[in-house]
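Q: In the order they appear, the protein sequences are chains R and A.
First residue of the first sequence? That's 1 in the working numbering, and the numbers climb one at a time after it.
First residue of the second sequence? That's 1 in the working numbering, and the numbers climb one at a time after it.
No lab work stands behind these hints, which were simulated from the structure alone.
Owing to the predicted nature of the structure, the values given are computational and were not obtained by experimental measurement.
Please note: incorrect hints may appear among the correct ones.
Any copy, or any two copies together, can satisfy a pair, since identical chains are not distinguished.
Straight-line distance between alpha carbons at most 25 Å, and here's what the computed BS3-like set of lysine-lysine pairs gives [what the hints assert, rightly or not]:
1. Lys9 to Lys319
2. Lys180 to Lys36
3. Lys232 to Lys374
4. Lys11 to Lys326
5. Lys361 to Lys301
6. Lys36 to Lys9
7. Lys11 to Lys330
8. Lys180 to Lys9
Protein chains: 2
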Amino acid sequence: MNHFLQKNKLKLGVLGGGQLGKMLIQAAIDFDLHVKVLDPNPEAPCRGTAHEFHVGSLQDEASVLSFGEDCDILTIEIEHVNAQALEKLQQMGKWVYPDPKILGMVQDKRQQKAFYAKNQLPTAAFWLVDDSDQLLNFQHKLPLVYKSAYAGYDGKGVKVLPNDFKFDAPLSFPGLVEKKVEIDKELAVIIARNPSGETVAYPPVEMVFHPEGNLVEYLISPPDVEEAIETKANSLAFQLVEKLNFVGLLAVEMFLTKKGEVLINEIAPRPHNSGHHTIRANLTSQFEQHLRAILDLPLGKTELLVQGAMVNILGHPEKSGSPTYKGLEKILKIPGVYIHLYGKAQSRPYRKMGHITILDKERQTLVEKIHLVKNAFQVEVENGR
Amino acid sequence: MNHFLQKNKLKLGVLGGGQLGKMLIQAAIDFDLHVKVLDPNPEAPCRGTAHEFHVGSLQDEASVLSFGEDCDILTIEIEHVNAQALEKLQQMGKWVYPDPKILGMVQDKRQQKAFYAKNQLPTAAFWLVDDSDQLLNFQHKLPLVYKSAYAGYDGKGVKVLPNDFKFDAPLSFPGLVEKKVEIDKELAVIIARNPSGETVAYPPVEMVFHPEGNLVEYLISPPDVEEAIETKANSLAFQLVEKLNFVGLLAVEMFLTKKGEVLINEIAPRPHNSGHHTIRANLTSQFEQHLRAILDLPLGKTELLVQGAMVNILGHPEKSGSPTYKGLEKILKIPGVYIHLYGKAQSRPYRKMGHITILDKERQTLVEKIHLVKNAFQVEVENGR
Chain R
1 MNHFLQKNKL KLGVLGGGQL GKMLIQAAID FDLHVKVLDP NPEAPCRGTA HEFHVGSLQD
61 EASVLSFGED CDILTIEIEH VNAQALEKLQ QMGKWVYPDP KILGMVQDKR QQKAFYAKNQ
121 LPTAAFWLVD DSDQLLNFQH KLPLVYKSAY AGYDGKGVKV LPNDFKFDAP LSFPGLVEKK
181 VEIDKELAVI IARNPSGETV AYPPVEMVFH PEGNLVEYLI SPPDVEEAIE TKANSLAFQL
241 VEKLNFVGLL AVEMFLTKKG EVLINEIAPR PHNSGHHTIR ANLTSQFEQH LRAILDLPLG
301 KTELLVQGAM VNILGHPEKS GSPTYKGLEK ILKIPGVYIH LYGKAQSRPY RKMGHITILD
361 KERQTLVEKI HLVKNAFQVE VENGR
Chain A
1 MNHFLQKNKL KLGVLGGGQL GKMLIQAAID FDLHVKVLDP NPEAPCRGTA HEFHVGSLQD
61 EASVLSFGED CDILTIEIEH VNAQALEKLQ QMGKWVYPDP KILGMVQDKR QQKAFYAKNQ
121 LPTAAFWLVD DSDQLLNFQH KLPLVYKSAY AGYDGKGVKV LPNDFKFDAP LSFPGLVEKK
181 VEIDKELAVI IARNPSGETV AYPPVEMVFH PEGNLVEYLI SPPDVEEAIE TKANSLAFQL
241 VEKLNFVGLL AVEMFLTKKG EVLINEIAPR PHNSGHHTIR ANLTSQFEQH LRAILDLPLG
301 KTELLVQGAM VNILGHPEKS GSPTYKGLEK ILKIPGVYIH LYGKAQSRPY RKMGHITILD
361 KERQTLVEKI HLVKNAFQVE VENGR
């Protein structure tokens, strides 16, 4: 019998109260779940929207343990949480997805890469680096990409080391260096698996990165690649969940190289920025899918109903402060354009403040709308610094 | 400048905390609105989901006034609220949609019918009835339908008076009698208008009523009628919002008679059961559309992305008590099937406990799925009476 049906009004604990948590709550309302959220920031987006919002550390074992004690089921919306506490909650009989052991692996980029290598999953060649002395050994392999083991997401802790790199930049060790591949496109696939083993993948997306912000500026689905590449990307995602024996939602970011290879870049075991378009463009949103997976319910269909794009609303590139939004009327006048504001109290340079979804039957008008929307909508900061 | 842009983090007051309020909150999260809800029932579905949930009377002027004082904008999810209080809040400078004057008219079925007659909008012939003595005057016109002036929705206060009616049934006066028309189908159109005058209508739906419950059992969109009928239904909805100078969302329920006439049955100035499929089947959901309208933002496209159906989940026909739901796995296994549970603490006979949305490209499989779902999913009542 599935988790959902074993008890009325299940209490779902979510570690992290950001936009992913907020959109998960929107989906959880359909299932009448009681959602309890933990976040260190008293002004996090989930405040006011969660049934219960608790302020506390995600890294501290005692904080996570005491938060989870009265939950039936626990999940995350950010990886950087105390996995030991989740393991203890799991031992207490709570349903915890993703598995805390996988979480521990994903939190460490060195372990992540080692996992791909061990399982013969294609990824850029890499070498572990413990300190700055070791790093010098790789001078002959430049250009490289340095990735700090524990540094987080959105490009934090990632640094390109060019041919003329002087080995004097401050880097956070331990980490790894990765061969700098010639990237044609960056792709992502969201895949879900429930405890019964049912697995479904979404059509891939193409992600276009912000030239300065080092995070997704917009994405489009389906991507403009040959069908064989889409099939390859989906097949890698299926191999990953199988090798991981994964339950929940997994976002797989990939490089399509100029040589036509598909390489796994990194994974996130949770709803992901690369799946926000699914709320409106696909038959089942990634947030509902995540819930279906962790509740052990049958998974939803993933097909695109229409072509979709998602443009991230990024904080003002220079100023920080209380945000106001400019251009909302202009963009909502465009057919098939929708706003999702995250309600963050403070804007910071390139911070994700919201996103805009665009739907269109025609590829050309979809792409035109992406550029219209990017230019028409801005985050402004009052009395910003 | 539209309402939304005049202030950051608008506070939206919603009178009524039922399922319509809950689904409105889901949409309001996208716009980062602060949603404050008033409902007399401390266990209403919006509890826990609204940013603020206040327990209090919707009918009492002081209760509604004090609730609305700190809101920027007010709306309703049920018509039976104190319209005088809303008028006072409007005079205080709050944006109140729908207009309290229209609300006053809609609350009184006699005024509603008089409005149609005055504006030459097609509706079944009717006569006002003040008391049981007057009712006797209409014996020669049987069969009739008696409608109490203030009796509410879902068939409450509506009684069919057949040819052999004995004029001894207890009826709530004043009211009206209406000629009993030969109904081929019941249709509904949802239409939205913003303060700038922009107006959009949704494709019509066909509603099929529960033989005992006297409320919608399921609906399907588009309806199986000639295009000329759809056009006529939409045109009546446009005439209505124009004559009413309406702002907000209006649901227009209509009869398609066996002679092929389209007659207005009744209206609801708010999101409506006949629009629940729009959350997943149409380009913009009725709840987002309601918000766009009352915030004076450009309205969203209303086209169906795919054919849609909605099946109401009704309370056990005999027993009342704490509900449990049976058959969730079975229905979610069917492609394109989605659950929306309202979280009502108590099930009562034919009470709306949730709904199921079904999407399909093919009409025939859509209809098959409606019947599969109706049979597979049930509300059970533990220790029910």
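Q: State the violated hints by number, sorted upward, taking the hints as numbered earlier in the document.
A: 2, 3 and 8
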